Every structure is written in structure tokens, then in C-alpha cells.
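Enquirer: Here are the chains, one letter per residue:
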Amino acid sequence: MTDLLSKFDSIRAEYAFLKGTGLSDPFGVVMEQVLSPTRAIIGGRETILVGTYNYMGMTFDPDVIAAGKAAMDSFGAGSTGSRVLNGTFATHIGVEQALKDFYGTASAIVFSTGYQANLGMVSTLAGKDDVILLDADSHASIYDGCKLGTAEVVRFRHNDIADLEKRLKRVPEGKGKLVILEGVYSMLGDVAPLRELVAVAKAADAMVMVDEAHAMGFFGPNGRGVYEEQGLEDQVDFVVGTFSKSVGTVGGFAVSNHPHFEILRLVCNPYRFTASLPPVVAASAEASIRRLMGATAKRERLWAASRALHASLQGAGFRMATDRPESAIIAVLMPSQEACVRMWSALLDEGIYCNLSRPPATPKGIYLLRCSLSSEHSLADVAEITRRFVAARARVTAEAA
Amino acid sequence: MALSRDAVLARLFELIQPFNAKAIPLAEGTRFADDLEFDSLTVMDLVANMEDEWDINVPLNMLPDLETVGQVADAIVKLKAGA
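Protein sequences, first through last, are from chains A and B. Be aware that the first sequence starts at 1, since it is given in our numbering, and climbs by one per residue. Be aware that the second sequence starts at 402, since it is given in our numbering, and climbs by one per residue.
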């Protein structure tokens, strides 16, 4: 008998080695208690959370919690099935209406996670005679959507306008084309030059989908994302997003003004063959989305914290993944996997939870300590985070000596 | 214009060389995963360079079927003829 799990032996060995070093396990962090959007108890110690994507700090918003509790009381704990087969709840209609209001679109379709939103949109929009052109640094959910679908898949170099143009020109005449972009790329936290990329796509008669998962709430006049900030609302055909970041719950969605967008509900497997969001989640997402409209003070605090952390870490001598703070993801470049793991572990000991990112999630050869800020991080928090980064670095250096 | 397979193969060896960290001798039958130990990110970089070299799109869907250098040469000749 071939052991089907033996193909993972090398990864298992690497992981076992990591655990044998006595460092904290980056994949084994347990939050024993969550105190607020920025604090949790990890290993019995109060820890500053700088790696949760809780950009707008909505997880403990009183309106959001109250809406969830009310929905739990009146609709029960779960939806127990698919919207298509087992019925839609009023809470699903409510959250889709909130999305239409937030994005100013004619249609909104909610999926059970952001991953499934991409899986569904990508695999269903582009069929076997179509070509998908995607950025090389696209999220795994986009790549997996490509694998699930039947379209031909071509990737272009990250954020490279000329490279996309060149590849579009190579697509044979008469093929349907879908260009897939992201507003903010979540590993380095860099913002895409969407205006130029979309112009190139439109010149080649391609349809355009933009994933704004890491931009909702704090880019563009209405917080719709980078595409709104760059003035592309009439150019982008489909916007995909998530409830698990700025909205503070879980779920995914796509919005569009396409007149026939709603047909996707009947043909998209990751929508119709899975359980819909439970009412508590749909209702709390609706409340949160409505609170995010005009959440100017939260936006300002988030940007202030993100800029301050970038400046102070850079000032403390850390190498940053972007020259400027482009988004609410502030990533520190580390020279190697080992240095990255040691520093991550020392940070956890200091009471800082950030993300350790390595290939293939990151581009080749890039090891990151990734911080994501929240509107609920104060500037005093930022100073404390930086102080602990410096302390962790000193400890790692001392251990190496 | 159709490309000669020999010319493609020769140039392909040159394009692979910068990624061939262990200096494995290259032949038609050399396998990317098993012999050269290329990971998926290395394959991506190599494919991008091939696309530029021959001005073609190599669809990602094609990659799982391309195990050896010779198979890639065949695919390039075919893609170029179809373009």
C-alpha cells in the first residue's frame, strides 16, 4: 500500500525540526481569550494582536454583537443548507442589501467565505473558450478558482502593466478574456496601479474582476476599495470581497452592475452546493457594513496607526517590504527563514502576535513578519509594538552570539 | 513561422541553466521536479522567461503534463505554430 501522506514527508520533517528548536510554533498559536480587536491572551499572557486583519476593529462593535444575538434568537443557530435548495433567510437578503448600498451596485451575491467567493467567481465566469489573465502574486483562492474552472490560465508579472498588455495581445482573436487583479496584495501590502492595468485590460476588450479583500472600508471616498480611490467604478465589472477582515465576521461576496449578474446563483457550484452563512453571521455582517459607511474616524485612526508603525519600524532599522506605508499591512523583510522564525518566536515571547509568511504564500525568497493594523490600535500601541520589536531583535542577536 | 525543435531545445537548456542550482546535466529526458528539484515558484519564473523568449502564452493548465525538458520543447513548437 502506498502511504498517501508520504508525499508530505519533507514538509513534515521541516516542521518537526522547527518544533525541535524550542521556538514557538507559528502554526500552533491559540488565543485562549480575546479581549478586544487588539488584545488576546496567548500562552497565559496578554498579547498585542498585530496580525488579525481586523482593520476596522468591528469584532466587538456593540451594534454588530447585538444584531448577531437578535438573529440567533429569532432565526436559530444555523441555516442548515444551500440558499438554492434549502431556502434563503431574511438575514441573507439584509446583508446583500447592505452590500448594494455600500458599493452602490445593482447586485450583490454572498458566499460562505472569501475563499469560496473567488473560487466561485473565477471558475464560473471564465469557461473553456475563455482566457484568464491573473497577476502572478494572486491569492491562492484565485489560483484554485482557475484550477476548478476550465478556462485557459495565463499569469502576468506582479503589477506589471506592460507584461499584462503583452500577454493580452497574445490571446487569439475572439476569445473571452477575464483579467483578475487585487487592490491591495496581502503579502507585501502593496497597492496595485489599477488605473493603468484596467485601461490595458479594457483596451483589449477584457472583463475585469478586482479583489478588494484588504482594502474595504478605508480606500476610496466610500471605502469601497482601491478601485474606487483610483476612479474606476464604471470600468471594473466585478468586485470581490470578504467579511472576515474589515467587516469582522466571516463570509465572502461579489458585487456588480452587470445586468445578468444574478444568474451566477444558479450556475456557480461554490455558491449553490454549500451551506449558506448562518443567520447570526449574516445579521452581524449587515450591521457591520452599515456601520462602515461613513466610519471616517475609524479610517483616520487606521491610517494614522499604519503610517506610524511603518515609520517607527523603519526608524528602528528594520527593512520594510514597501518604501512607504501603502495599506494597513506593514511587513518587515527578514533575510532568511531561520531569522524570520527566530524573530517571530521572540516577538511572541514579548507579547506581540504578527504573521510569519514564507514561500509559496510569499514571492520566491521572501520571508516576512507581517503586521496588520486596526483602527483600534492607538499611537501608544504602535510605540509599544516597536519597542517590543527592538527588544525581540536584541534577544535574537544575544542568543546567536 | 515554424521553429526548429533543435533550436528550441538548445535555447531551453540556456534558459534553464540559471535555475539549475545543483548543475544537473541537462538532456531531453531531464525531469523538472524529480531531477532538477524545481519548486512551483521556480517553474513559474522559468515559464515567464520562456514566454518572453518565444512571445507566447504558456497556459498554466498545460504545466502538469510537462514533466521533461523535451516535452516542454514540443509544447513550445506547438504553441508557436498555433499562434
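It is worth saying that the hints were derived from the structure and are not from the lab. None of these values were measured; they are calculated from a predicted model. Every residue, glycine too, gets a C-beta built ideally from N, C-alpha and C. Worth double-checking, as some hints may not be accurate.
As the list claims (entries may be wrong) - 20 Å max Cα-Cα, derived EDC-like pairs, lysine to aspartate or glutamate:
1. K481/B to D9/A
2. K169/A to D456/B
3. K364/A to D129/A
4. K7/A to D456/B
5. K423/B to D456/B
6. K147/A to D466/B
7. K19/A to D3/A
8. K7/A to D407/B
9. K177/A to D160/A
10. K169/A to D453/B
11. K175/A to D129/A
Said to hold, decoys possible - A few chain A positions that, by computed beta-carbon distances, are all more than 12 Å from chain B:
12. G174
13. G176
14. L266
15. A339
16. A401
Claimed, not checked - Derived contacts from chain A toward chain B, CB cut-off under 7 Å, selection only:
17. A70
18. V153
19. E165
20. R170
21. R358
22. P360
23. K364
24. I366
Enquirer: The structure should be examined with respect to each hint, and the outcome stated for every one.
Expert: A quick look at each hint next to the structure:
Restraint check: the Cα-Cα separation between K481/B and D9/A comes to about 39 Å, which exceeds 20 Å; the hinted pair is violated. This hinted pair checks out: K169/A and D456/B have alpha carbons roughly 10 Å apart, not beyond 20 Å. For the hint linking K364/A to D129/A, the alpha-carbon distance of about 31 Å lies beyond 20 Å, and the restraint is violated. Restraint check for K7/A and D456/B: not satisfied, since their Cα atoms lie roughly 35 Å apart, outside the 20 Å limit.
A threshold of 20 Å between alpha carbons decides the hint, and for K423/B with D456/B the separation of about 29 Å lies outside it, so the pair is violated. Straight-line distance between C-alpha atoms of K147/A and D466/B comes to about 14 Å, which keeps the hinted pair within the 20 Å bound. A distance of roughly 24 Å separates the Cα atoms of K19/A and D3/A; the hinted pair therefore is violated under the 20 Å criterion. With a C-alpha separation of about 35 Å, the suggested pair K7/A and D407/B falls outside the 20 Å cut-off, and the hint is violated.
The suggested pairing of K177/A with D160/A holds, with an alpha-carbon distance near 18 Å, which does not exceed 20 Å. Restraint check: the Cα-Cα separation between K169/A and D453/B comes to about 13 Å, which is no more than 20 Å; the hinted pair holds. A threshold of 20 Å between alpha carbons decides the hint, and for K175/A with D129/A the separation of about 6 Å falls inside it, so the pair holds. Non-interface status of G174/A relative to chain B is upheld: no Cβ of that chain comes within 12 Å, the nearest being about 14 Å off.
Once the 12 Å rule is applied to beta carbons, G176/A is consistent with being away from chain B; the minimum gap is 14 Å. The non-interface label for L266/A is consistent with chain B: the shortest C-beta to C-beta separation is roughly 26 Å, beyond 12 Å. Interface exclusion of A339/A from chain B stands, the closest Cβ pair being 20 Å apart, more than 12 Å. Residue placement check: A401/A keeps its beta carbon more than 12 Å from all beta carbons of chain B (closest about 31 Å).
Contact between A70/A and chain B, as hinted, is not supported at the beta carbon level, the nearest pair being about 46 Å apart and thus beyond 7 Å. Residue-level restraint check for V153/A holds (minimum Cβ-Cβ distance to chain B is 4 Å; threshold 7 Å). Using the Cβ-Cβ criterion of 7 Å, the hint placing E165/A at the interface with chain B is not satisfied: the shortest such distance is roughly 13 Å. Taking 7 Å as the C-beta cut-off, the interface hint given for R170/A holds, the closest approach to chain B being about 5 Å.
With 7 Å as the threshold, the beta carbon of R358/A stays out of range of chain B, its nearest partner Cβ sitting at about 11 Å, so the hint is violated. Using the Cβ-Cβ criterion of 7 Å, the hint placing P360/A at the interface with chain B is satisfied: the shortest such distance is roughly 6 Å. Given the 7 Å rule on beta carbons, the hint for K364/A holds: about 4 Å separates it from the nearest Cβ of chain B. The interface hint given for I366/A is broken, as the beta carbon of that residue sits about 10 Å from the closest beta carbon of chain B, more than 7 Å.
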